[in-house]
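K.L.:
Residue numbers (UniProt numbering), protein chains in the order written: chain Y, 1 to 242; chain F, 1 to 242; chain R, 1 to 242; chain L, 1 to 242.
Calculated directly from the structure, the hints in this document are not laboratory data. Computed from a prediction, not measured in an experiment: that's the story for all the values here. Check each hint, because a few of them may be wrong.
[Said to hold, decoys possible] Calculated cross-link-like contacts (lysine-lysine; reagent style DSBU-like; alpha-carbon spacing at most 35 Å):
#	chain 1	residue 1	chain 2	residue 2
1	Y	Lys104	F	Lys209
2	Y	Lys29	R	Lys225
3	L	Lys225	R	Lys216
4	Y	Lys230	F	Lys83
5	F	Lys209	L	Lys225
6	L	Lys225	R	Lys104
7	Y	Lys209	R	Lys209
Number of protein chains: 4
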Amino acid sequence: MINVTIWNEFVHEKIHDEVKSVYPEGLHKALADGLNGEGFAIRTATLDQPEHGLTDEVLDSTDVLLWWGHMAHDRVSDEIAAKVAERVRGGMGFIVLHSGHFSKPFKRLMGTSCDLKWRVAGEQEIIWTVNPTHPICDGVDSRIILEHEEMYGEFFDIPAPDELVFISNFQGGEVFRSGCTFTRGAGKIFYFRPGHETYPTYYQPEVLKVIRNAIKWAHPARNAKQQFGKSEPVRPFGGVLV
Amino acid sequence: MINVTIWNEFVHEKIHDEVKSVYPEGLHKALADGLNGEGFAIRTATLDQPEHGLTDEVLDSTDVLLWWGHMAHDRVSDEIAAKVAERVRGGMGFIVLHSGHFSKPFKRLMGTSCDLKWRVAGEQEIIWTVNPTHPICDGVDSRIILEHEEMYGEFFDIPAPDELVFISNFQGGEVFRSGCTFTRGAGKIFYFRPGHETYPTYYQPEVLKVIRNAIKWAHPARNAKQQFGKSEPVRPFGGVLV
Amino acid sequence: MINVTIWNEFVHEKIHDEVKSVYPEGLHKALADGLNGEGFAIRTATLDQPEHGLTDEVLDSTDVLLWWGHMAHDRVSDEIAAKVAERVRGGMGFIVLHSGHFSKPFKRLMGTSCDLKWRVAGEQEIIWTVNPTHPICDGVDSRIILEHEEMYGEFFDIPAPDELVFISNFQGGEVFRSGCTFTRGAGKIFYFRPGHETYPTYYQPEVLKVIRNAIKWAHPARNAKQQFGKSEPVRPFGGVLV
Amino acid sequence: MINVTIWNEFVHEKIHDEVKSVYPEGLHKALADGLNGEGFAIRTATLDQPEHGLTDEVLDSTDVLLWWGHMAHDRVSDEIAAKVAERVRGGMGFIVLHSGHFSKPFKRLMGTSCDLKWRVAGEQEIIWTVNPTHPICDGVDSRIILEHEEMYGEFFDIPAPDELVFISNFQGGEVFRSGCTFTRGAGKIFYFRPGHETYPTYYQPEVLKVIRNAIKWAHPARNAKQQFGKSEPVRPFGGVLV
């Protein structure tokens, strides 16, 4: 059983009719429904809940956290953002979706601006697998076609990912590193590009399949807690510790 | 001509006799002398100067910044630390030495705790090259022996480096990823482990050779400024921008 | 159920008493016994069997192949070596143990000499985890101590590994990248250093734990077969194919 | 002064009028002219010369070898292919252009099939920089537009590159990792995608700029020759060598 928490700022869906018509109960609800049924225990949390729904109790029982935010990044408190980043370093899996590239926890974990080019013009995106051995590609076709998506274009200002899993081609001529893995401390991070709020991307089965795979991949290993600080030698050598 | 600024907190050397005896005019002065003569224009800056010696004027004319700090990390202002990190993202090379692993700018750029094991016991460190093609190893022997150094041991909580250049063996049984490269934005970062303040490490010619090579490597490329934000298609496709 | 085939040249154990006393029925038998009981279906194969025990029938039903060889690398036929490398590219997991670094299939897959330093002097090896998030480290302590092992030292002439999982410290002062992952085509490869034939390394529980984890990690993903060669456009653009 | 040898199979240009009209004296001549004037001493070599023009004397005085081949890969002798690969491992820089992805030396060094998708339909290729800090991008715009090129599409069956520098977008919807670095032994390798024989790609200034940068990058470091084989301990520990 993997405990999954889906965090969504849940603002667009309340105030923009175009978004509401695609995700009437919120992106988080569509994701929760779509990801169901693989031994995941799924909860959701949103910005306007106390502590943005990310209390210690919730985080203590979260193996993998999904994050979707866009227009309200600044309304996430610094304290909660710092706590989420710290939990990731401590081993919680973290799957950052689409415009979450500019979220506070992701930027803290990357150490870069996470900036990019963008355009909303209903164009076609084709996502190609460049790492077919990766468990995130398990059972996924070598390409995923999204008929209408927002464009994100390089240069995407992130550190070189540990593993590059997907690259997108956009009709207007751009490319984008659309599936990237990172580790920070004991935590595994997957950034996955698709999911503009005005397109029904999160209903598309291949997209959900990738996210399901990513949840399993990001599930923390049961590793011994790392030791830090002043240490006795493993192999005595006659030296005197100061 | 590469403009190099060597930043040193310059505290130990004033208050600890043991350190003063090794670096009477400060670590920065020993480094400045030792790195001289390769077409570098070298300046130094220290904590107690206004803006820690890192004014906009200084940073504007710095190609590569070296950083040594230890007991006074917290006395570096958040503002200056943020500015240094931002300059690195903008292209300034950044060479972080030894206990600089815990400095504010390095931690911001890494996104991790940067924690490690340590021990001061005068033990032998042997630094091995694991990437002999790398320009930082140019003309450097396949191993560097430091007769007495502080131990730093794994797990070193950094992101997986882009390139691993050196690994250290310590007498007490530990290993350490002692030479690591990263990029953040347009900037190149090299972390180099040696240099505890009570040992004459920065007088050792091989250590200085590595740092000289790293300065040349970290010198920023003359790249076109990256474009971000809303973008017209490169290849028109009949879509309508929203 | 993962189908595992353990390949051992099985020569030392027949002709060297010192080895026979440690592995009386062969290294492969000790490994097969030690790895049992995790949903693995384990078979063994040895050099002196027809086709070295690696018939198409055996390879067709192998998910992950383990390889131990040393004094008889040259007696492995080029044909079988090429076939094994091809199967790895096709998705078969491949775990190369200790002196297998010089085996024909591994050298073909790496494209390098795979040379290294070595010394048999009964010295202590300490293996440190440098990637605690990795599934190969799952449940493994942050260090593994082998009281007596052969030394392997850097520079280890391999391509930069995709992931560096373990680094060893040897008593004589060397270091070694002891746990390295690679992919080739659809196949996942793990090189794991320990296991000199005169030491009881493959009876040590932590070593077996790492190999069990590696088997699970190397198990091929169920990916769509990649397409190669002449391709129609996904997105018609009015061009004429020549 | 960097000694550059440009190797071209030089077959298309003699027998296909369409190619001859673009490169009347051969691709190698166009490249030699275009790359001139940066402190390079440039020679060319072709398939029909004795030893394909790659005698020991030529290789002994080559710092960086460029390779273009396509229809005659099989006519390169195994002996010369092996020698070239061995020289690369020994430190010679190696820049593999376009259809050289299927050349014998490149495949030996990669250990994979190096297969890909392709299509000749005169479509537009846009090459994007994804690593603006890299010296191969020095002074290169963030995108290069080639109005007419052959399509190469993912999955490109290579090992994960050490550094990914460029990604291409093709009009028909594909993407490709167009600029990839690798190291093998002491040698640096750069694969650069563009250059189909029927298009005037190698006259385009940005393409030549990238290749010039790559030559400088691939120039071997002056590293101490690596030691391999049986080794005395650096740090005596009382063990007895067997």
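K.L.:
None of the hints should be skipped; say for each whether it holds.
P.N.:
For each hint, the structure was consulted:
no. : hint                : verdict
1   : Lys104/Y - Lys209/F : 39 Å, violated
2   : Lys29/Y - Lys225/R  : 33 Å, holds
3   : Lys225/L - Lys216/R : 39 Å, violated
4   : Lys230/Y - Lys83/F  : 31 Å, holds
5   : Lys209/F - Lys225/L : 17 Å, holds
6   : Lys225/L - Lys104/R : 24 Å, holds
7   : Lys209/Y - Lys209/R : 30 Å, holds
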